[in-house]
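**Q** Chain A is already provided as a structure; the job is to place chain B on it using the hints.
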Amino acid sequence: MSATMTTGRNLVESKLYPAAAIYRHVINAGDPWIYEIKKGQYFRIVDLHGNQAVDTLFYNAHDYSDRYSAQDTIQQQHNIYLTTGTKLMSTEGTVLLTIVADTCGRHDTLGGACANESNMVRYAIEKRYMHACRSSFLKAVIEWDHGMSKRDITSNINFFMNVPVTPEGKLTFDDGISEPGKYVEMRAEIDVLALISNCPQLNNPCNAYNPTPVEVLIWTAEL
Amino acid sequence: MNETVLWQETIQPGASWSHVLKRGTALRMTDLEGGANVGGIFYNFECPTERYNMPDTLKAQHIARLTTGFVLYSDMGRILLSVIGDTVGWHDPIGGTSNRKMVESNYGPSSYQQDRNGYHKNGRDGFLVELGKWGLGPRDLVANVNLFSRVDVSDDGTMSFAPENSKAGDLIDLRAEMNVLAILNTCQHPLDPNPKYEPKAVQVSIRSVAAATLDDPCRVSRPENGRGFTLTERYFL
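Going down the list, the sequences are from chains A and B. With the numbering used here applied, the first sequence has no gaps in its numbers, which climb one by one up to 223 at the end. With the numbering used here applied, the second sequence has no gaps in its numbers, which climb one by one up to 1237 at the end.
In case anyone wonders, no lab produced these hints; they're calculated from the structure. Some hints here could point you the wrong way.
[Unchecked claim] When the alpha-carbon atoms are kept at most 27 Å apart in a straight line, the in silico DSSO-like pairs for lysine-lysine are as follows:
{"no.": "1", "chain 1": "A", "residue 1": "LYS38", "chain 2": "A", "residue 2": "LYS87"}
{"no.": "2", "chain 1": "B", "residue 1": "LYS1101", "chain 2": "A", "residue 2": "LYS87"}
{"no.": "3", "chain 1": "B", "residue 1": "LYS1101", "chain 2": "B", "residue 2": "LYS1022"}
{"no.": "4", "chain 1": "A", "residue 1": "LYS150", "chain 2": "A", "residue 2": "LYS39"}
{"no.": "5", "chain 1": "B", "residue 1": "LYS1133", "chain 2": "B", "residue 2": "LYS1167"}
{"no.": "6", "chain 1": "A", "residue 1": "LYS38", "chain 2": "A", "residue 2": "LYS170"}
{"no.": "7", "chain 1": "A", "residue 1": "LYS150", "chain 2": "B", "residue 2": "LYS1133"}
{"no.": "8", "chain 1": "B", "residue 1": "LYS1101", "chain 2": "B", "residue 2": "LYS1133"}
{"no.": "9", "chain 1": "A", "residue 1": "LYS39", "chain 2": "B", "residue 2": "LYS1101"}
{"no.": "10", "chain 1": "A", "residue 1": "LYS39", "chain 2": "A", "residue 2": "LYS87"}
{"no.": "11", "chain 1": "A", "residue 1": "LYS170", "chain 2": "B", "residue 2": "LYS1167"}
{"no.": "12", "chain 1": "B", "residue 1": "LYS1022", "chain 2": "A", "residue 2": "LYS150"}
{"no.": "13", "chain 1": "A", "residue 1": "LYS39", "chain 2": "A", "residue 2": "LYS15"}
[Unchecked claim] Partial list, computed: chain B residues near chain A (C-beta under 10 Å):
{"no.": "14", "residue": "GLU1050"}
{"no.": "15", "residue": "MET1054"}
{"no.": "16", "residue": "LYS1059"}
{"no.": "17", "residue": "HIS1062"}
{"no.": "18", "residue": "ARG1065"}
{"no.": "19", "residue": "GLY1069"}
{"no.": "20", "residue": "LEU1141"}
{"no.": "21", "residue": "ASN1144"}
{"no.": "22", "residue": "ASP1156"}
{"no.": "23", "residue": "THR1158"}
{"no.": "24", "residue": "LEU1191"}
{"no.": "25", "residue": "ASN1194"}
A virtual CB, placed ideally from N, CA and C, is assigned to each residue, including glycine.
Only chain A is shown next, with the shape it has when bound in the complex:
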């Protein structure tokens, strides 16, 4: 095993023009989105208003049990942060997508997604009734109607979130390093199913207590 990319923020701009995208969609604050991205296509997420958590999962489009693995992803690059050059690994050791451009420079995959239940633990038992990412994930996979269920909701990526680990082994939720218009772009290495919950969290400052829309764009394979 070799560490191919061990540095922190790897800021790289994309050469792709939004006007040439074959698909554009604004995911409203708090909404889910599910979509197939074909091998070779480029997939960009734009943080339209800054510091919005984009909770994201990927699956092998031909076998949903082969899915994004946070631990395999950080392990193969010996680094907990996702940025340009990061290969998003599956549980089967497949490279699902590669991050090819990133103007934010650091993304989290340890913090997971909010849920009614985790909100009860983290904030107060009364928080059960607030909208949460894992409900959005569930709603999206049920409506997708391809046999997916809670078993398929695994540990996700939080694009645009900054969650450092300290030398003492503490996990900290730092101020965001994203800004309006920052984006991350990936190339699909196989056909993948993308599942996003545009985080509705109102209990912590990660998105300034104000969830906002994000845009997703897809380009065909050839530049």
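**A** Relative to the frame of chain A, chain B by itself:
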């Protein structure tokens, strides 16, 4: 923990193991030689779609390590296991597990035909085979813990394996707060730089223990854990 040992067993090096830990018992794991690693994933035995959740465990307690006073959360806001004793001080919840390709690349080729029962095992296959015995499969494979191992993270995010984290005789005590299906294996840590295939044996023992009191160190270590215990106790009402 002086309670009577109900039974004990030694998990062989590189082996996988599973058991339903009953609420009211504790699992003690002892590193017999030093340098052991125990990969573990944990499920609510009554409803295995409820399972150990790495992010919920880390963010509820603001930790990237496990030791006494911390707990392992399920994805349903409940506590599966509490760390009620630990002589190591740092157990890794982020490093993941090994796979067949990695083990072959790290330690060379090995097969049953060539090495009989000494053939090289890997963590992922160990988890999947043991999960299969309970009717579970790849869709149930989630982020695991690595007991006895330590992974440090530097400012730029670089992960490094800390050698000699656990010594011979070191142990950890996990109290079952629910009926917990524990899926374990003793494969080497995926980031262990040891060039040799040298997984270690680990002794496991089961004891009866009292339920968490109101001043239990795991319950009072953080307000989040107080709520976690409340939600876990409500599940049994």
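**Q** Just pull the numbers of the violated hints for me, sorted ascending.
**A** 3, 5, 6, 19 and 25
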